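A.B. asks: Which chain is which? The protein sequence lines are U and R, in order.
Going by full-length UniProt numbering, the residue at position 289 of the first sequence is 289; the numbering climbs one at a time, nothing skipped.
Going by full-length UniProt numbering, the residue at position 143 of the second sequence is 143; the numbering climbs one at a time, nothing skipped.
I should point out that these hints are in silico values taken from the structure, not numbers from a laboratory.
All values reported here derive from a predicted model rather than from experimental measurement.
Each hint should be verified, as a subset may be incorrect.
In the DSS-like style, the derived pairs of lysine-lysine whose C-alpha atoms are separated by at most 25 Å in a straight line are [claimed, not checked]:
(1) R:K292 <-> R:K271
(2) R:K162 <-> R:K218
(3) R:K281 <-> U:K220
(4) R:K220 <-> U:K220
(5) U:K133 <-> U:K162
(6) U:K133 <-> U:K105
(7) R:K271 <-> R:K281
(8) U:K372 <-> U:K313
(9) R:K281 <-> R:K292
(10) R:K61 <-> R:K220
(11) U:K218 <-> U:K136
(12) U:K105 <-> R:K218
(13) U:K105 <-> R:K220
(14) U:K218 <-> R:K105
(15) U:K291 <-> U:K281
Below are the chains, spelled out letter by letter.
2 protein chains.
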Amino acid sequence: MIYLDNAATSYPKPEAVYNGVERCMREYCANPGRGGHEMSIASGKAVLYAREIIAAFFNFKNPMLLSFTKNATEALNIAIKGYLGHGDHVITTCMEHNSVIRPLKTLERDAGLEISIIRGDMLGRIDPEDIRKAVKPNTRLIAATLSSNVNGMIMPVREIGKIARETGIAFLLDASQGVGSIDVDAIGMGIDMLAFPGHKGLMGPQGTGGLYVREGLKLKTIMEGGTGSNSESLYQPEIMPDLLESGTVNTPGIVGLGLGIEFIREFGLDKLRSHKHMLTKRFYEGLSENKKAIFYSSPDMEENSGIIAINIKDVDSSEVSHVLDRVYGIATRAGLHCSFLAHNTLGTVKSGIVRFSVSCFNTPEEIDVTVKALNEIILKV
Amino acid sequence: MIYLDNAATSYPKPEAVYNGVERCMREYCANPGRGGHEMSIASGKAVLYAREIIAAFFNFKNPMLLSFTKNATEALNIAIKGYLGHGDHVITTCMEHNSVIRPLKTLERDAGLEISIIRGDMLGRIDPEDIRKAVKPNTRLIAATLSSNVNGMIMPVREIGKIARETGIAFLLDASQGVGSIDVDAIGMGIDMLAFPGHKGLMGPQGTGGLYVREGLKLKTIMEGGTGSNSESLYQPEIMPDLLESGTVNTPGIVGLGLGIEFIREFGLDKLRSHKHMLTKRFYEGLSENKKAIFYSSPDMEENSGIIAINIKDVDSSEVSHVLDRVYGIATRAGLHCSFLAHNTLGTVKSGIVRFSVSCFNTPEEIDVTVKALNEIILKV
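Model the full structure from these sequences, guided by the hints.
C.D. replies: Written as structure tokens, this is what we have:
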């Protein structure tokens with residue numbers, strides 16, 4: 001099988017991730033930060049180690065500012081529901097995933113939140129100055145994706161962070177797509193809250209993710225529970241990460257996530273990005289002559305996180321994806337990718353899109369086979 | 001090492017759980033319910049299979065009424081925050097974990113929730129009729145634990161469910177402790193919402209848990225996001241489990257959880273309970289002559305889910321636990337166990353308690369070694 005659905009869940013994982021998860025489960029998986037016995041301490045150390053790896057990777061100093069979550073969706077909800085309140089205004093983009101826009105629309109409906117959605121061009125490129133223009137006296141948050149999960153369009157994060165700093169508005173980055181190949185510098189980019197999944201570009205297992213919240217930014221909680229700290233209090237402790245991290249965490253998953261990030265660091269973020277660029281470019285070149293192939297992603301690798309979004313003229317995306325899977329053994333994802341906004345921007349709400357997303361483990365040969373398959377499918381249309 | 005901290009996280013897991021998690025990760029872990037390709041379908045089938053196992057285990061018919069969560073804490077928050085609103089009254093017990101009482105106290109503080117806490121006797125036994133007496137016109141929920149995580153006291157769940165049905169009040173069961181050895185029959189016990197962790201008695205991996213919500217009971221959401229369904233809507237779909245299950249789930253963890261429950265079913269719930277009873281009874285008998293051992297759990301196995309809660313006279317629980325770990329290699333948990341209410345009931349807020357919690361993998365020999373160790377420690381006091 002040729003797996004080109006890495007924007008959903010990366011596969012395969014580095015060997016170290018499989019081994020680390022198994023070793024943790026078999027050898028030392030007790031409750032981290034709870035008991036004081038040897039195995040509990042070993043689990044606690046392993047979780048702390050992963051926290052440190054992640055803090056270093058995203059360039060924030062205090063690993064305790066990171067709360068582990070089950071996925072990016074949970075992290076985004078904690079950030080959005082924890083920070084925004086009645087009468088607040090939020091600015092977001094036309095390329096957001098449902099994990100950003102659905103919590104916002106729910107707050108709009110239930111708590112009077114005002115939402116401004118910044119429009120982009122036909123590929124979802126936005127002008128950061130449009131964000132500045134949308135700022136109102138009650139604007140409290142800018143929420144933007146690092147890159148689109150539909151077509152890989154990279155957002156001008158650094159510029160958005162600059163505007164957020166200049167206007168004193170908090171900046172929430174949804175790093176779900178692009179993390180693990182685009183450099184994300186929480187401090188340098190002026191990111192106040194950073195939500196990320198573990199199971200996509202960071203090469204960790206499913207069931208992992210996290211939220212970084214900068215020092216001094218206080219969130220209301222959407223969940224409370226046991227934290228292993230201040231147990232005598234009937235209220236959630238104020239200290240981080242306990243404030244946002246209740247109940248037993250996914251220790252084996254977190255261990256795997258740490259090892260996934262270590263793999264990326266050893267591979268080299270630049271090398272990894274180049275590899276994905278090379279594959280994406282090869283895909284474009286292989287198909288560019290074919291007039292029945294309609295592209296919805298940018299061929300300029302500087303603004304594409306590694307996604308090829310296409311349709312075959314007059315054919316439903318699901319059908320193409322289905323044939324690729326059944327006839328050629330190529331895994332892609334068709335449809336709307338949980339991102340109505342982005343498809344609305346690209347004009348593909350009805351047809352959907354066939355999405356090809358690459359990882360460091362894909363090879364040029366796999367791309368060649370895929371391009372050949374697409375050309376064959378087009379011939380038969 | 002002798003592991004007696006199974007009430008925190010069960011260890012070890014059945015071999016099938018380790019193998020199933022690894023096989024899933026290595027062989028077929030894509031996004032369940034998202035793409036239509038072979039691996040995504042395999043993941044989807046594996047998650048559905050686990051949903052069916054869990055529905056059968058808890059005796060509810062429609063597996064789609066189960067939402068997977070990262071742990072019981074998330075499930076409890078979804079239930080409590082999703083069901084209760086301003087001016088509502090909730091009845092709960094004196095033996096609840098912070099994962100129940102902290103969300104309730106937060107709603108009391110922020111949304112005017114009224115809370116009645118039913119008191120128990122010295123071991124936390126409650127009289128279900130006290131619940132009936134506490135019912136007020138605005139009572140909307142009874143929230144109770146299946147058994148205490150501090151001393152294993154089993155709550156009169158069937159009677160509580162009966163009162164809930166008779167008064168038309170919803171019943172939320174926190175099955176965190178005792179699940180996997182006490183029979184939990186969602187329909188038969190009149191349970192409207194059932195929250196459970198995967199990593200304790202159900203022998204699954206950390207990072208798993210779930211919430212069953214009976215047909216027709218509608219919850220507000222505390223999180224929204226991508227569901228792979230109704231992607232063209234900017235609001236959360238109303239269908240279950242999507243309403244309460246956003247973002248990528250922990251497929252390998254869920255696979256492991258399903259295998260953990262299959263192991264329990266094969267082992268036999270009755271046999272498993274008998275085994276735990278035998279171990280707990282042996283522990284009691286071994287220590288009962290020692291007058292310096294103070295017991296806070298019931299020796300009657302019909303009301304104890306498999307926890308021995310003790311203190312050694314005049315010695316702090318942490319110190320005993322520490323010596324057990326360092327000198328004897330016995331893993332226990334001291335302190336307050338994230339349950340102020342229960343310790344308040346038992347009168348152990350200052351000293352804490354040394355908790356010994358057994359699983360089906362503990363042996364009589366391990367209990368004997370532990371009892372011997374405790375007798376030695378007491379001699380040295």
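A.B. asks: Compare the structure with each hint and give your call.
C.D. replies: Status of each hint after checking the structure:
{"no.": "1", "hint": "R:K292 <-> R:K271", "in the structure": "violated, 33 Å"}
{"no.": "2", "hint": "R:K162 <-> R:K218", "in the structure": "holds, 21 Å"}
{"no.": "3", "hint": "R:K281 <-> U:K220", "in the structure": "violated, 45 Å"}
{"no.": "4", "hint": "R:K220 <-> U:K220", "in the structure": "holds, 18 Å"}
{"no.": "5", "hint": "U:K133 <-> U:K162", "in the structure": "holds, 14 Å"}
{"no.": "6", "hint": "U:K133 <-> U:K105", "in the structure": "holds, 21 Å"}
{"no.": "7", "hint": "R:K271 <-> R:K281", "in the structure": "holds, 15 Å"}
{"no.": "8", "hint": "U:K372 <-> U:K313", "in the structure": "holds, 17 Å"}
{"no.": "9", "hint": "R:K281 <-> R:K292", "in the structure": "holds, 18 Å"}
{"no.": "10", "hint": "R:K61 <-> R:K220", "in the structure": "holds, 23 Å"}
{"no.": "11", "hint": "U:K218 <-> U:K136", "in the structure": "holds, 22 Å"}
{"no.": "12", "hint": "U:K105 <-> R:K218", "in the structure": "holds, 19 Å"}
{"no.": "13", "hint": "U:K105 <-> R:K220", "in the structure": "holds, 14 Å"}
{"no.": "14", "hint": "U:K218 <-> R:K105", "in the structure": "holds, 19 Å"}
{"no.": "15", "hint": "U:K291 <-> U:K281", "in the structure": "holds, 17 Å"}
In summary, the numbered hints that this structure violates are 1, 3.
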